[in-house]
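Participant: Listed below are the residues making up each chain.
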Amino acid sequence: MTQSNGNNILTALSDSMAAAVEKGGAATVLVAGRRRIPASGIAYAPDLILTADHVIERDDDIPVVLPDGTELVAKLAGRDPGSDLAVLRLGRAVAAVAEPAPQEARIGQLVLALGRPSPDGIQASLGVISAVGGPVRTGRGGLLERYLRTDAVPYPGFSGGPLVDTAGRIVGLNTSGLARGASLAIPASLAWQVAETLAQHGSIRRGYLGVRSQPVAIPPAQQKALGRDQEAGLLLVGVEDGSPAEAGGLIVGDILTGIADQPVNDPDELLGRLSGEVVGRPTAVEVLRGGQPRTLMVTIGERK
Amino acid sequence: MELNIVLLDVVDLSNTLAEAFTAVFQRAQRSLVIVHNGRDGAGAGVIWQPGGIVVTNHHVVARGKARISLVGGREYPTRLIAKDPHIDLAILRAETAGEYDPELPAAPIADSRDLRVGQVALAIGHPWGQIGAVAARIISGLGEVPVRGRQGTVSVIHTDVGLAPGNSGGPLMNASGGVIGINTMIVGGDLGVAIPSHVVNAFVAETLGQEVPQVAR
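Going down the list, the protein sequences come from chains S and W. Under the working numbering, think of the first position of the first sequence as 1, with each following residue one higher. Under the working numbering, think of the first position of the second sequence as 1, with each following residue one higher.
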């Protein structure tokens, strides 16, 4: 009795994983954007493919093979080497669009890494979410707010493909291009956000302030003056000549505590706050000067 | 209260799952053999049919006369009755006293023609000499690889079960313990490949002059 019940449960697990592969695989395409073996991509909108930046070596005529074998040609719509993401635009809509998982990945969760590096069919490997980390500097000039680590086998050509949950929903995008020797996944929520920007603007704009800084503790009295519990800020130890920071009135000795109404505790947070919407715009920069909070309007430059 | 019930369900579920794995592997051990070839390493094999018909990899028995033994059981001399080096399969007949030796039960063979990527894949064998070691993952891919010889290509099952020397010739099984393939490390050029059981069935049937069996799904 136990055995037959037990067997049913194992069979049920088996069937549900096969169904997850089928569902996730229906939105996983082959992307032949490099000379080596093809990589994978995720159909994240009807005519848009999200893939890894490092597997795209050209801007036009990028062959894409759909799950049903249809061969299309895509154009690069946008790329962000910093987060290793790229968006390709197809000439027409594809059949299945990926469904992102409703919740963030949890450590220990069962996941399947999917890839379609060959037209022969979907490929998959099983693992768990081993770690959730971040923020981390990617070594390609970017900062990844969060990343996932999994023990699922990263087969060649899996970069750009999805990591899915046991319901076939996208938990992340697999890439071997962010960390040497390790396969990471970019969480779906983050990847989708970057993809939106890439599809619209073609790149992620990274801001430039022109300061050198080091983290310092903010004493309780000054936290009181700030009006919030913030234990650290960035002491400006250098302001570049002719920089946006200088033009906006920042001086050496200021402790930078916030940008655009968001607190800044450390250099990674500063890097994060300086990307996207604020670039090129007059932005409120909050500092402690002589122990007193001041807000200066600084027009954030763009890092080329 | 409701939360407690949910927690209980989760615990029951993982207990049942653990029992299911154990039951499948215990059954699989009875039809698993150790293939001794007179050298250091040992390969694995599967009792494919009653009457001592054992399937293993060709490369396991390519040199010298092989003996088989059951896991924790007795040893049998064998006769090599067929081999196909191109798809790395060999068939041995255990020399038993009678036609049906109850100590050599045939494994349940599953149909490998309707497999799906993502399904549970279970392997049992003797990796690095560890007798009867088990591993569980999934079917990673299904495809064809080119082989020399008359077939031209052969179907293979790719799996992310980490196979090692000593898994060669052992079974790859589905979630109910049915054998879906014979693990090999020679064909396909990479780790974790199995020759599907429908290919093995055809080879066995041809060798024994049987009709290709219609396996239950």
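You may find that some hints are simply not true.
When the alpha-carbon atoms are kept at most 25 Å apart in a straight line, the in silico DMTMM-like pairs for lysine to aspartate or glutamate are as follows [stated by the list, open to error]: (1) K23/S - D114/W; (2) K65/W - D114/W; (3) K75/S - D60/S; (4) K75/S - E246/S; (5) K23/S - E144/W; (6) K83/W - E206/W; (7) K23/S - D68/S; (8) K23/S - D111/W; (9) K75/S - D61/S.
Think of the hints as simulated: they come from the structure by calculation, not from any bench. Remember, predicted model here, so these are calculated numbers, not experimental data.
Participant: Please go over all the hints and tell whether each is borne out by the structure.
Facilitator: Here is how each hint holds up against the structure:
no., hint, result
1, K23/S - D114/W, "holds, 17 Å"
2, K65/W - D114/W, "violated, 36 Å"
3, K75/S - D60/S, "holds, 5 Å"
4, K75/S - E246/S, "violated, 40 Å"
5, K23/S - E144/W, "holds, 23 Å"
6, K83/W - E206/W, "holds, 11 Å"
7, K23/S - D68/S, "holds, 13 Å"
8, K23/S - D111/W, "holds, 23 Å"
9, K75/S - D61/S, "holds, 6 Å"
Violated hints, in rising order: 2, 4; the structure is consistent with all others.
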